[in-house]
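Visitor: Protein chains in written order, with our numbering: chain A, 5 to 354; chain B, 52 to 588; chain C, 1136 to 2163.
Please keep in mind that the hints were generated in silico from the structure rather than gathered at the bench.
Treat each hint with caution, since some may be false.
[Unchecked claim] A few chain A residues facing chain C, derived, Cβ under 10 Å:
| no. | residue |
| --- | --- |
| 1 | Ala49 |
| 2 | Leu55 |
| 3 | Ala66 |
| 4 | Lys87 |
| 5 | Tyr149 |
| 6 | Ile153 |
| 7 | Gly177 |
[Claimed, not checked] Below, in silico cross-link-like pairs of lysine-lysine (DSS-like), each with a Cα-Cα straight-line distance of 25 Å or less:
| no. | chain 1 | residue 1 | chain 2 | residue 2 |
| --- | --- | --- | --- | --- |
| 8 | C | Lys1342 | A | Lys62 |
| 9 | B | Lys145 | B | Lys164 |
| 10 | C | Lys1235 | C | Lys1256 |
| 11 | B | Lys318 | A | Lys311 |
| 12 | A | Lys46 | C | Lys1342 |
| 13 | C | Lys1256 | A | Lys6 |
For every residue, glycine included, the Cβ atom is placed at its ideal position computed from N, Cα and C.
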Amino acid sequence: MKQISLIIDGKEVRVAKGTTILEAAKSVGIEIPHFCYYPELKPTAACRMCLVEVEGAKDLIASCAFQVAEGMVVRTQTERVIKARKLVIELLLSNHPLDCLTCESNGACKLQKYAYQLRISSSSYQGERHSYVIDESNPFFIRDYNKCILCGRCVMADKYVQFIGAIDYTHRGFNTKISSPFDRPLQETPCIFCGECVAVCPVGALMEKNRLYKGRIWELKKVNTICPYCGVGCSITLWVKDNEVIRVTSEGGVNKGSLCVKGRFGYDFINHSDRLTTPLVRKKGKLVEASWEEAIKTVADNLHKVKKKFGASAIAGLSSAKCTNEENYLFQKMMRAVIGTNNVDHCARL
Amino acid sequence: MAFGSGAMTNSINDLSQAQVFLVIGSNTTEAHPIIGIQIKKAVSENGAKLIVIDPRKIKLVDFAHIWLAQKPGTDVAIINGLLYVILSEGLVDKKFIRERTEGFEELKKVLSKYTPEAVEKISGVSAEDLRKAARLFGQAKSASIIYSMGITQHTTGVDNVLALANLAMATGNIGREGVGINPLRGQNNVQGACDVGCLPDVLPGYQKVLEEANRKKFEQAWNCRLPEEPGLTVVEMTNAALDGKIVAMYIMGENPMLSDPDLTHVKEALESLDFLVVQDIFLTETAELADVVLPGVSFAEKDGTFTSTERRVQRVRKVIEPIGGARPDWQIILEVSRALGYSMSYAHPSEIMTEIASLSPIYGGITYERLENGGLQWPCPTPDHPGTPILHREKFSRGLGKFHPVEYKPPAEEPDKNYPLILTTGRILFQYHTGTMTRRSEGINEITPTRIVEVNPNDAKKYRIEDGEEILVISRRGKVKARANVTTSIRPGTIFMPFHFAESAANILTNSALDPIAKIPELKVCAVRVEIANKKQ
Amino acid sequence: MRKLKDLAQLKAFQKKAQAKFNSYWKRVRICLTGCRAYGAEDVRDSFLKELKKKKVQNEIEVVETGCHGFCARAPVLVIDPGEIFYQRVTVEDVPSIVEKTLLKDELIDNLLYHNPETGEKIIRASDIPFYRKQTRIVLRNLGQIDPKNISHYLARDGYSAFVKVLTELSPEQVIEEIKQSGLRGRGGAGFPTGLKWELTRKAKGSKKYIICNADEGDPGAFMDRAVLEGDPHSIVEGLLIAGYAIGADEGYIYVRAEYPIAVQHVKIAVKQAEEHGLLGQNILGTGFNFKINIKEGAGAFVCGEETALIASIEGKRGMPRPRPPFPAQSGLWAKPTSINNVETLANIAWIILNGAKKFSSIGTEKSKGTKIFSLAGKVNNTGLVEVPFGITLREIIFDIGGGVLREKKFKAAQMGGPSGGCIPARYLDLPLDYESLVEIGSMVGSGGLIVMDEATCMVEIARFFMDFVQDESCGKCTPCRIGTKRMLEILTRATQGRAEEKDLSLLLELASGVKDTSLCGLGKTAPNPVLSTMQYFEDEYKAHVIDKRCPAFACEALYISPCSDTCPARTEVHGYVALIAEGMFKEALELIKETNPFPAICGRVCHHPCEARCRRGDIDQPVALRALKRFVADRELEWRTSPPSAVKRTKKEKVAIIGSGPAGLAAAHQLVRMGYGVTVFESLPVAGGMLVAGIPNYRLPTEIVQLEIEDIEALGVEIKTNTTIGKDISFDDLFKQGYKAILVAVGATTFKKMNIPGEDLDGVYFGLDFLRRVNFGERVDLGKSVIVIGGGNVAVDSARTARRLGCQVNLLYRRGREEMLAAREEIEYALQEKVGMDFLVVVTEIIGQNGKVVGAKCLRTKLGPMDITGRRQPIPIEGSEFTLKADSVIVAVGQGSDLSFLPSKVGISKRGTIVVDPETFATNYPGVFAAGDVVTGPATVIEAIAAGNKVAIAIDKYLGGTGKIVKERVVKPILVKSEKLVSEKERHVIPTISVEKRIANFKEVELPYSEEMAIEEAKRCLKCHLKE
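So here's chain A without its partners, still in its complex pose (with noise of 0.2 Å):
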């Protein structure tokens, strides 16, 4: 690959041919402050933040979009620019519910982290700000559209990364939103309910439902896994608070970060008031609660028994797809070497 060299705020840089301006600066440890530049998606220029000059152009540009070039001067820290960021942060501002306080985003939230670093409070346009009713017709997560900055992100993932189309612009000038058509529920429309939107999100637009008013974002632990559904073997971040998964998440691995529903949504039943948290022996033909010792005994007697009067093949043993590698060589280990039969499957074939 063709390397190029730039300079950027008076640093010398070289990166690959095709880079864009606004990467090749953070791989020098120029932050250049953004909301719908994100990695894995297609540049859109939309939140206009993300600005620079750029020297011998007229017009600011949109680092996130354009390729740097040989010899190019780029400066992040102009006057122009920074007005232009304050203009933004400032607009946007104008139009948000600035609650922060009850936002599951506070602390996470790219507004809120560059009104922050720009000292802005609150916008001095001062205007209509749009009221609508959140959206929480899906089981999964809501949509506050009082706090979408109309980024787009959500869109592009939801057309490149997953190709599903559910959602998009629409409207128009200020009441521009992303909508599903007409407004349905997204039940109704193509969507799969992958969240990739919500992962996406920057702001606290799009937020789960499990996690609300469950912790701040600080408080809760974070755990990076495996996902327990499909043969993928997607990588994921549990979210985790006083024992309980309340989030799920996912950067990287073969997935790269994306999930689908059951991956992203679907870990309800790891603290589901169903689970068995005790032994059960039947005890005239019921099933009762009974204590470790009490059931180890009743297994190990009863295959014992079994064992002794018809053989060792007269026993079978299923292991498990679920369980882990570890669990499952155990488990053929016990079948193999303690009970002493080779019957033992797993439902590989269903």
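With chain A fixed as given, assemble chains B and C onto it according to the hints.
Guide: For chains B and C alone, kept in the frame of chain A given last:
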């Protein structure tokens, strides 16, 4: 059998390099959505071409350049037909065949019967479309075959797979980026369960039970005597139980009461057992029949590893403490074993992995430390081996790839006067397997279309079924009530049911006839008839 | 139709078509596109019927053409041979057209176009001024051919350029030719077309596209529509040539679905071209393939932006994407694509056929060829005009457009639609091209040109365009989506009187921010209407935001009624008119007197700006407000029994007023009513200042002035005549005499000289001095013939006075009649009285013999561009000298004030006026105020009264008062909507005495309305103050 091992030959991320995809018997966007994304992206953005072979108009058909809607159970004919065209139009990879394979001449002989016109008669796929598909596939510089249970859950499942292997080898689509035969595994750790020996005929690492050397190695390591004969497979176990040959069962984290074919039969079998232990996180349909139920934990409550469909071993990490008195499954096994008089002592699952690695060469180089930063794809025989993203690069596991001439055989049960329709079963995006987990996810259930049976409008008209109407689906093995979803996405003469729902369990209807080699039941084809449920009789 | 297989077949076919097209006996070309709205279809039908009736349907051809351009005169038709132009043709006219013109070659006068300036009738279309200054390249076939007939197009050399390209030129040569021609994109941005083609041609890839952008969305612009409707084959040919040049085998025409005729005609044209083998595979056997798709756009303004347009064709929401990559690299379906506007493509064939050289000889250095403008708004000749670049706005609006509607004052032109800017009058003479327009904050844009008069509010215009842009913003980028909304909100607040001063700086900040940060052209140019109006009409913004006033009376919340708000003294005009309509004359007069102590005077001499803004004038004639005022004033003077009684003195302070003109007396009137003691000092023997000294008796009889002054005296004002401050009393003595405040209101009573040779000759008079002498009964001997120099009221008064003294009068003015400052009706009366007027003449020397005037040396002038005051400067024409004979010369070119009596402390400006604080009227001498002409320079009576009113308030405040004028009685006119019956009658002509009687003496020329006439006239009021 064709190459010497059964797993995805390539990696998920190199799928994007394929010029042509052949997706057969896989509703990828529903069952493996993330791989579905890769295919959609390659087609939409990289100009890749897509051939879908499926009796249903699955979502991928919207992206496909060619869609062949075959009559269920006719895959061998179709694949042979593709090969026929490829061969007759000189699109085979002669160099690859010459250098890497054997048995091509025998294959040729068999293929001569499978002219597109002949195949059209068997499968209902137009000869012209078949030719187009064959040309598209044959002319591609790199073509990737993706399949799933739609291929394997047949009495001819092995033949189907072998035919696909023939197709890949004849066109040289093996052992490079963007090619290969890529079976997609249905569950998160099916691959791993197989890898570590939860199969009746092989010890961990696919080491055959029948070979004495293998047994010796394990006997030494485990300090025990091992049985010499392979054991029974799932469906065979059910039959054996009914025959009184199996008397006790230990079922860990499985729900045969929904996943297995001919459920009536399964229930009888389980009820006939003297003793049944079920270890699970919920009181499943199967656990309800148990004598002892042991509460295990979910994936979030334990450490361990899963192995994905691309042979990638990855770390599962404990996130929360076990719920209530539940215990990690590995600990339960330790205790049961101890109670049975065999002491195993592992302080942590990582120690179990060390043992697996020491006994199973394909996992030989795998340790928890190495898995810390992403997974490793087996074979990974040594601690410094980087893993194997693509199988059969230089040579096949068995040396030369072998062509297996296979002939079309009809499915075990074909429609007749009394059961005029074919039922095929499958998965839907919003549910997972027997629903143990997903049926307990409130949101998911809210949006899942439950108890659905897809019926073509022609058939609906024929049987006077209205869209949304309750109908009875009846097979020789039982009947199930479900709601008709009249849609052109299913071919006429075939109906489709997902199998996730206990309340209208498709597997009450399915046939437990098995593939003679793989012992996979023919869940994808059985003969049924439909009736309107509330008709006064 | 058989497909034309090769070039020979095409040429043969074309020859046949030409022969047929050129051989006719009579032909009627009737516009059936734009004129449809005015009934052109019915006219056509009735032609067909009538011709059949006369059995000449086979001899006389009726051709349904596209737009002729002169839409103001719709429906229009042209009869060949002879190019007879008939306008506003109705179905009823048709039989006689057939009978007379077609069968007997007789003209029908009332259907011909009459030049409104000269009254001359014009027969041939091309002789009409509207067409004369045009250069029709793009519009070459419009109105000439039937757009639905490919043979017509072929007959007029259609497809010849395409043939030339196919047979003689390589694609590179075509591109070179277009580059040489200097053609630039007519869609707005003006990118060189040849360069665009070259970039597309050179871009990698074998599949390329050419797109015709026919998504015309600017409010008011309709040239693309007209071309598509009237000459669609020119676009097909343009696309073919472009496709050949860039290497594309497929083209799109993206046309908005709201143009059904355009869509239909384009479809017909494409189909015909296909049928004739001009589109398709292996065209004319040359191996060139080309296909045209027609895509109907759903009417989003943003889809005119090229990347949005591409997205729209691809089936996506029409939203722009960032560039690069430019469409030339990666356009439709990611293939190299050239997007050209309709008008651009319509030029192509002409350039190929006539050569780049000929094309580039038209226009300016950087902008070649012509541009079509859609002339709309407050202009007489609305329509489509095609003019060479470099033409001035003045030529377009006044020469071609026939000037502003109803002879109102031109205020601005909005060019380039919502992306363009408002151009003020001062740029009327700027040669128009891409660069010059951008420089002054506007743009060529697609060529929308909306003319605005003084009744157009520039803030409202900015609001309108912002509303449009906000509505049409695709919503993708933040600045355009929210920024334009915030701008719209500020502008809306401004037009509703809710804006604050800081809003103006916010607006400016937003406008420049949105311009700087938006993603696409729509957003980047959206602030232009705001920026340009803020730049050129800042006062108007301030009026809205600070004074809460809309000077154009367009913003309902910000005016009471146009008449009242226009009155400098803020007389409640609609009120007194309503009272007169009710017959409540006394109340009407009282209402007037609240703000004006001189109703009888103003009823005679006021320059009545109120009437100029009267909305009735937009329908027929303004309400005769001045005459109504005179009516009530005269009636009162006639009927009343006694003058008003004195006002009670409530304040101890005394005020001295120097000067008894309208300013001084108006101030005295208000101050005495507030309870002050007021003394007015006048150096002349009579009070009234200019009212008695400067205005001739035939306009304003001295006794009327005296009567109204008596009324003021009756209120308690003391007037000391024959008292000159600085001579009889020293200025400072006034304070010593106990006056707490002194108002200087001495007016502008001195005359200015021209400073030319001969001004000191015997027989040279100066306007004001001359009038005063005549008014005061002095004998002035002018001789037989007089030259009056000047164009103001004093000049016209002097001329008319001289006529009454029995002289031949010749008034010379260095500008044109339009530019004269004198009141319209005074000029009219002067002409009636046979005052000779010669315009565009400057006198360079007064010639004398023996110290006595014998004549004047003159030069002809022409009008140059406007200066900063907005007036066109006369430029002497060299070598145009001539001499006029005269016995005397009256110079009336300006006035000044004699301020020698003032203490030196009082600040005087360079113009010779007193410097005061605009709010408090205070000079820099404490306690000394000034108002009227002495502050403003020579102005009108009502302005002096207004100044007097205001200074009275200021003085009251200075003396510790509240500044409130005591209202004696609150008059509440009965004004309910149910009585909003408006008389449809025309304005009552103000009665005058006959011209013969007039010039014999100094009797008043105008006569009052009768009571009946007055009521009738008052009922003509539209009652704008009620609004709706």
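Visitor: Does each hint fit the structure? Answer for all of them.
Guide: Verification of the supplied hints:
Satisfaction of the interface hint for alanine 49 of chain A is found here, the shortest Cβ-Cβ separation to chain C being roughly 4 Å, below the 10 Å cut-off. Evaluation of the leucine 55 of chain A hint against chain C yields a held restraint, the C-beta minimum of about 6 Å falling below 10 Å. Look at alanine 66 of chain A: its Cβ gets to within about 5 Å of chain C, closer than 10 Å, so that hint holds up. With its C-beta approaching chain C no nearer than about 7 Å, lysine 87 of chain A sits inside the 10 Å limit, and its interface hint holds.
Among the interface hints, the one on tyrosine 149 of chain A is violated; its C-beta lies about 12 Å from the nearest C-beta in chain C, farther than the 10 Å criterion. Against a cut-off of 10 Å between C-beta atoms, the interface hint on isoleucine 153 of chain A holds, since the closest Cβ of chain C lies about 7 Å away. Hint on glycine 177 of chain A holds. Least Cβ distance to chain C is approximately 4 Å, under the 10 Å limit. A C-alpha spacing of about 32 Å is found between lysine 1342 of chain C and lysine 62 of chain A, which places the hinted pair above 25 Å, so the restraint is violated.
Among the hinted pairs, lysine 145 of chain B with lysine 164 of chain B is consistent with the structure: their alpha-carbon atoms are about 21 Å apart, no more than 25 Å. Pair hint lysine 1235 of chain C plus lysine 1256 of chain C holds up; C-alpha atoms about 18 Å apart against a cutoff of 25 Å. Our distance criterion of 25 Å between C-alpha atoms is met by lysine 318 of chain B and lysine 311 of chain A, whose separation comes to about 23 Å. A hinted pair counts as satisfied when its Cα atoms are at most 25 Å apart, and lysine 46 of chain A with lysine 1342 of chain C qualifies at roughly 24 Å.
With a C-alpha separation of about 75 Å, the suggested pairing of lysine 1256 of chain C with lysine 6 of chain A is violated against the 25 Å cut-off.
Consistency note: the structure conflicts with the earlier hints numbered 5, 8 and 13.
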